[in-house]
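A.B. asks: So the chains spell out like this:
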Amino acid sequence: MNPFDQLADLQLDVLKEVGNIGAGNATTALSKLLNKPVDMRVPKVRIIPFSELTESLGGEEQVVIAVFLRVVGDAPGNLFFILSLKSARKLLSNLFDTDQENEEFNEMELSALTEIGNILAGSYLSSLADFTSLKLSPTVPSLAIDMAGAIMSYGVLQFGEMGDYALLIDTTFVHHDGVNVEGHFFLIPDPPSFQRIFSALGVPFT
Amino acid sequence: MISKPLVKVGMADMQVMRGSGILKTLGLGSCVGLTMYDPWVKVAGMAHIMLPSSDISRETTVKAAKYADLAVPEMLAQLVKLGADPTRIEAKLAGGAQMFALNTKNDMMRIGPRNVEATREMLKKLSIPLVAEDTGGNYGRTIELDTETGILLVKSVNRGTKEL
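So the protein lines, in turn, are chains Y and Z.
Under our numbering, think of the first position of the first sequence as 1, with each following residue one higher.
Under our numbering, think of the first position of the second sequence as 1, with each following residue one higher.
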């Protein structure tokens with residue numbers, strides 16, 4: 001059973017706007033950090049079965065870099081900033097002006113990626129908090145380089161109690177510089193948070 | 001070489017089989033991969049368990065494979081139906097990692113260790129010996145059970161492949 005069947009177009013549009021505002025600000029922050037233009041694709045609100053959780057990342061076993069932050073406050077949830085190894089390498093070489101090619105990362109680079117995740121998540125959440133007047137703050141970020149399945153499944157545990165579907169607000173940003181740097185923001189509100197987001201924005205929801 | 005039939009086990013899913021084949025589940029993080037095997041008749045099962053207890057379930061139809069407390073007895077019943085003898089069945093466990101180091105009071109975030117504990121407890125209750133496990137840590141695992149030999153391969157990104 002899909003517990004999100006009752007979400008109407010209006011509500012899905014509102015969640016899309018949530019992604020738009022949050023990721024829009026995060027993208028601007030990234031662009032400032034790199035001092036280069038970064039584009040954002042239209043956010044997707046995806047209600048997906050667990051089996052398709054990692055489809056946009058290249059499958060369960062695809063190795064990715066993920067910065068994870070728990071969102072605490074009025075509308076708790078999980079926030080991921082996810083990059084492919086190639087994109088992370090490109091991002092770092094833009095930032096530090098180096099020419100590394102390998103996909104091994106040293107301590108300093110990992111800490112830089114965590115900090116980038118932190119800055120972007122912070123701007124995602126603060127714009128979202130402004131927009132909704134909800135209190136939202138991120139926990140200390142944590143970084144993992146691992147299989148996409150192992151990472152994403154962690155973000156949707158709360159949905160397991162109610163069915164086999166999860167709702168993700170997925171925004172892709174792209175920075176083109178010879179090669180594509182592509183990353184994802186996933187905001188995954190805990191199921192009870194939807195009610196709070198909708199009521200904060202004056203959208204009817206039963 | 002004729003390749004053996006490969007059966008994929010998705011998240012919150014369970015598969016059982018009799019005869020020669022491979023049962024496989026990808027990208028276990030905090031989830032637990034449980035396998036049970038009767039070497040005599042080569043009857044095997046694998047589940048991708050997501051949560052420790054079905055008490056918290058708010059579903060109308062509860063999927064047994066998703067919860068440790070339901071998955072163990074359900075798999076046992078299915079294996080017996082395929083001809084396994086409960087006294088010969090052996091279990092192995094993998095997964096149950098803590099993917100991210102977080103300083104939070106939210107119990108949901110230490111779900112990995114809780115999944116492992118709950119599964120072990122249930123196995124004990126049903127007197128199924130746990131013969132091997134590779135659990136915990138902070139990394140993901142892909143597991144593969146060869147139903148011919150009962151060998152469980154555990155693969156991870158940085159720690160190579162282990163045989164259980």
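No lab work stands behind these hints: they were computed from the structure.
There's no promise every hint is true.
Stated by the list, open to error - Cut-off 25 Å, straight-line C-alpha distance, at most; resulting in silico cross-link-like pairs (DMTMM-like, lysine to aspartate or glutamate):
| hint | chain 1 | residue 1 | chain 2 | residue 2 |
| --- | --- | --- | --- | --- |
| 1 | Z | 81 | Z | 134 |
| 2 | Z | 162 | Z | 146 |
| 3 | Z | 155 | Y | 55 |
| 4 | Z | 8 | Z | 133 |
| 5 | Y | 16 | Y | 55 |
| 6 | Z | 24 | Y | 17 |
| 7 | Z | 8 | Y | 115 |
| 8 | Z | 8 | Z | 74 |
| 9 | Z | 155 | Z | 85 |
| 10 | Z | 24 | Y | 161 |
| 11 | Z | 162 | Y | 103 |
| 12 | Z | 63 | Y | 104 |
| 13 | Z | 155 | Y | 115 |
| 14 | Z | 4 | Z | 85 |
| 15 | Z | 124 | Z | 144 |
| 16 | Z | 4 | Y | 104 |
| 17 | Y | 135 | Y | 115 |
| 18 | Z | 155 | Y | 103 |
| 19 | Z | 162 | Y | 115 |
| 20 | Z | 24 | Y | 61 |
A.B. asks: Each of the hints needs a verdict: does it hold here or not?
C.D. replies: Structure-based check of each hint:
{"no.": "1", "hint": "Z:81 with Z:134", "result": "violated, 28 Å"}
{"no.": "2", "hint": "Z:162 with Z:146", "result": "holds, 13 Å"}
{"no.": "3", "hint": "Z:155 with Y:55", "result": "holds, 21 Å"}
{"no.": "4", "hint": "Z:8 with Z:133", "result": "holds, 20 Å"}
{"no.": "5", "hint": "Y:16 with Y:55", "result": "holds, 19 Å"}
{"no.": "6", "hint": "Z:24 with Y:17", "result": "violated, 39 Å"}
{"no.": "7", "hint": "Z:8 with Y:115", "result": "violated, 37 Å"}
{"no.": "8", "hint": "Z:8 with Z:74", "result": "holds, 18 Å"}
{"no.": "9", "hint": "Z:155 with Z:85", "result": "violated, 29 Å"}
{"no.": "10", "hint": "Z:24 with Y:161", "result": "holds, 24 Å"}
{"no.": "11", "hint": "Z:162 with Y:103", "result": "holds, 23 Å"}
{"no.": "12", "hint": "Z:63 with Y:104", "result": "violated, 40 Å"}
{"no.": "13", "hint": "Z:155 with Y:115", "result": "violated, 30 Å"}
{"no.": "14", "hint": "Z:4 with Z:85", "result": "holds, 24 Å"}
{"no.": "15", "hint": "Z:124 with Z:144", "result": "holds, 23 Å"}
{"no.": "16", "hint": "Z:4 with Y:104", "result": "violated, 35 Å"}
{"no.": "17", "hint": "Y:135 with Y:115", "result": "holds, 22 Å"}
{"no.": "18", "hint": "Z:155 with Y:103", "result": "holds, 19 Å"}
{"no.": "19", "hint": "Z:162 with Y:115", "result": "violated, 34 Å"}
{"no.": "20", "hint": "Z:24 with Y:61", "result": "holds, 12 Å"}
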